[in-house]
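Undergrad: Build out the structure end to end from the sequences listed, making use of the hints.
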Amino acid sequence: SLSIGTVGELNQVYLDATNRFLAEHELEVFSEHLAFHSVDGKDLTMFLAIPFEEVAVQWVKQNYYAIRRELGRPFALENVTYSFPAPHCSLSEADFLRRICEETDCTLLLDVTNVFNNAHNHGYDPIEFLDRIPMDRVSQMHLAGGHQLPDGRWEDSHSAPVMEEVWPLFDEAVKRSGHLRNVILERDS
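Counting in my numbering, the sequence shown runs from 132 upward without gaps.
By construction, these hints were calculated from the structure, which means they are not laboratory data. Mixed in with the good hints there might be a few duds.
As the list claims (entries may be wrong) - Now the in silico label distances, taken between C-beta atoms and shown as ranges:
id	residue 1	residue 2	range
1	Pro265	Val160	14 to 24 Å
2	Asp267	Arg318	21 to 31 Å
3	Glu157	Leu280	36 to 46 Å
4	Leu202	Asp174	19 to 29 Å
Being a predicted model, the structure only gives us computed values, none of them experimental. The beta carbon of each residue, even a glycine, is placed where N, CA and C say it ideally should be.
TA: Written out as structure tokens, the structure reads:
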């Protein structure tokens, strides 16, 4: 919830609380959603896709290193399900993730359900997506349940079992990952 994709100042109060929480519980692993949800200091309460543009790579890089300095460690960035991408972007989502990895020392928290949802909802091949991202940087994976909406789109709700269609993609992602440390099944609704 640090809103790493927000243009502007990071929420120092939230960042300080995150740092205290990690220290208090001696947590070594930390991840942040690769999205934004704050605009002009207002929390929009939903994750929005960062525009897949080179300028966005640079502002994420700046925020990543500011957060890294505060936390004293590298951390993972997680791909999110998004209802709509920013229009007319020069990079694909996969290329955007690759560029973030080239510009930072982050690892990736690959949410396989989000890959499935986005591929289905936005018309790309999820296996080609895996081909194009740096799978050697995947340190964690998420699986979450969801459901298909009446209009055919898939939604990540964390309120149902993992959809049967996601399991083969998960198997393929695990085969391709080199430094996977943990897999988390998300059920929180």
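Undergrad: Hint by hint, note whether the structure agrees.
TA: Status of each hint after checking the structure:
no.: 1; hint: Pro265 - Val160: 14 to 24 Å; result: holds, 19 Å
no.: 2; hint: Asp267 - Arg318: 21 to 31 Å; result: holds, 29 Å
no.: 3; hint: Glu157 - Leu280: 36 to 46 Å; result: holds, 41 Å
no.: 4; hint: Leu202 - Asp174: 19 to 29 Å; result: holds, 21 Å
The earlier numbered hints are all upheld by this structure, with none contradicted.
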